[in-house]
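Protein chains: 2
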Amino acid sequence: MNRQQLFEQIQKKRSFLCVGLDTDVLKIPKHLTGEEDPVFSFNKEIVDATAAFSVAYKPNLAFYESLGWQGWQSLEKTVKYIREKYPEIFLIADAKRGDIGNTSSLYARAFFEKLDFDAVTVAPYMGEDSVKPFMNYANKWVILLALTSNKGAFDFQFIRDDKTGNPLFETVLTTSQNWGTAENLMYVVGATKAEKLKEIREITPDHFLLVPGVGAQGGSLQEVAKNGMNSQCGLLVNSSRGIIYASANEDFAERAGEAARTIQQEMDMLLKEKGL
Amino acid sequence: MNRQQLFEQIQKKRSFLCVGLDTDVLKIPKHLTGEEDPVFSFNKEIVDATAAFSVAYKPNLAFYESLGWQGWQSLEKTVKYIREKYPEIFLIADAKRGDIGNTSSLYARAFFEKLDFDAVTVAPYMGEDSVKPFMNYANKWVILLALTSNKGAFDFQFIRDDKTGNPLFETVLTTSQNWGTAENLMYVVGATKAEKLKEIREITPDHFLLVPGVGAQGGSLQEVAKNGMNSQCGLLVNSSRGIIYASANEDFAERAGEAARTIQQEMDMLLKEKGL
Chain A
278 MNRQQLFEQI QKKRSFLCVG LDTDVLKIPK HLTGEEDPVF SFNKEIVDAT
328 AAFSVAYKPN LAFYESLGWQ GWQSLEKTVK YIREKYPEIF LIADAKRGDI
378 GNTSSLYARA FFEKLDFDAV TVAPYMGEDS VKPFMNYANK WVILLALTSN
428 KGAFDFQFIR DDKTGNPLFE TVLTTSQNWG TAENLMYVVG ATKAEKLKEI
478 REITPDHFLL VPGVGAQGGS LQEVAKNGMN SQCGLLVNSS RGIIYASANE
528 DFAERAGEAA RTIQQEMDML LKEKGL
Chain B
278 MNRQQLFEQI QKKRSFLCVG LDTDVLKIPK HLTGEEDPVF SFNKEIVDAT
328 AAFSVAYKPN LAFYESLGWQ GWQSLEKTVK YIREKYPEIF LIADAKRGDI
378 GNTSSLYARA FFEKLDFDAV TVAPYMGEDS VKPFMNYANK WVILLALTSN
428 KGAFDFQFIR DDKTGNPLFE TVLTTSQNWG TAENLMYVVG ATKAEKLKEI
478 REITPDHFLL VPGVGAQGGS LQEVAKNGMN SQCGLLVNSS RGIIYASANE
528 DFAERAGEAA RTIQQEMDML LKEKGL
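Protein chains in written order, with the working numbering: chain A, 278 to 553; chain B, 278 to 553.
Hints are not guaranteed to be accurate.
Which copy is meant is left open, because identical chains are indistinguishable; a pair holds if it fits in one copy or across any two.
Unchecked claim - Pairs of lysine-lysine, BS3-like flavour, derived with a Cα cap of 27 Å: (1) K475 <-> K440; (2) K362 <-> K475; (3) K357 <-> K417; (4) K391 <-> K307; (5) K304 <-> K409; (6) K551 <-> K289; (7) K417 <-> K428.
What the hints contain is simulated information worked out from the structure, not anything from laboratory work. Keep in mind that this is a model prediction, so the values were computed, not measured.
Given the sequences, and given the hints that come with them, work out the whole structure.
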């Protein structure tokens, strides 16, 4: 999917919501645990209930890998289901991968060929040759970690370069813009650091930002939109736990749909305020 | 496995070789491609031929994930085979993971519970809470990326902190030593940066270092040993392509064994020179 198509979908659905499919087998409602593949059954119902209000889904790989190959199978079934039933959806593998060049090529093969994701989150520490292999695919995306939503972000991401005075996350933003364009590169910026979004928008006016941390982690959607929205929206705001675990009972999908719709309605307002 | 047990194995086998099981299905000898699980068959023969000369194996996850859930199944079979037949071996998941705390816990569950690895490679960018969940397991290890062997290492890892003047990889070393000890934390240091090993040994005299980049990537084993060996050896030197693809024919396992033995004999000399 290219940037224009993503923006068109945002306008059509009046939403820039990404639903995080962080499906923990220990938190799945009890009535599903007897199913052949409880993780897939859960995902399927969540997707059906929320797809009208979301433009993207983002399974985090850790949840699937914790179940070994069976978890990868659940993931593959989930991707195939979304692709077939909701072809307009932007699909993100939240994998935070990154390795030397020839190895990153294999990760790209995994997520873009074996699985049909639109985007993969990538960690920047190993530099250019660890990131670029993911850019060798037309209409596929790297989403590079810049400023993350967690406490550990303060350990290294704010270290200032003795030559430029810039914090590391800004150097990641400026350096990586030589590797790709706003057509194949997005950035992760945590909603818990929303006050930084203004500076980040000055450095990257056009790139889409994937913003986790709204909801359970404490970030504010209004502040994210105020500081981060650009003329093509430029934001995908993720919510995981607040939607997929809105209820632990048989009504979990219905409640997830309601939670997604509530966010979508707020997003509609925020898009209107921006004239979009 | 604890540090003492690892050192004892190194002394016994007169080797600090780690064999990288970077098994690319496209490079497997033709006579194996008809097998039910060619990747596992290949790994099994490689392990049987090299286990006498190696103390560790390191499958890189990218190679398995490029085959989807079937690749994860081959990985699980490989781990199980090594655990049962060679219980003395140190098993490293070269996964370069790292995510917010609760998510890293699930990666730890994947590699230490679902699979029975001894260690996981972890990327440092997201800081303490992304690394520590891997340390909640007795006798299991984090191997943190410090200075990697690739060209992209120069993009961020050498950026100097405006307060301390230290390059980022050194800050990663000093900061992370507050998170763990030499009993549960190792570091990745590329053999292509062997001249840096002296400085690194001053910062981390006791920690084991996992050193990739000898062989195909151009690093020198002698220089690595000269600059990096400590009184408990403190090194695991990885070789992948030079061993597992020593031959593309039916004699691939025999040739792999010979390649591993050649390195082991050099390692024996280097251990002797150090009085170990």
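Okay, the hints, checked on the actual structure:
1. K475 <-> K440: For K475 and K440, the Cα distance is within 27 Å both inside one copy (23 Å) and across copies (25 Å).
2. K362 <-> K475: Classified as neither: same-chain Cα gap 37 Å, cross-chain 57 Å, threshold 27 Å.
3. K357 <-> K417: For K357 and K417, only the intra-copy Cα distance (17 Å) is at most 27 Å; the inter-copy one is 36 Å.
4. K391 <-> K307: between (32 Å within a copy, 22 Å between copies)
5. K304 <-> K409: Between copies only: 23 Å across, 36 Å inside.
6. K551 <-> K289: Answer is within; shortest intra-copy Cα gap is 15 Å, inter-copy 69 Å.
7. K417 <-> K428: This pair counts as between: shortest inter-copy Cα distance 24 Å, intra-copy 30 Å.
Comparing the model with each earlier hint shows a violation of hint 2 alone; every other hint is respected.
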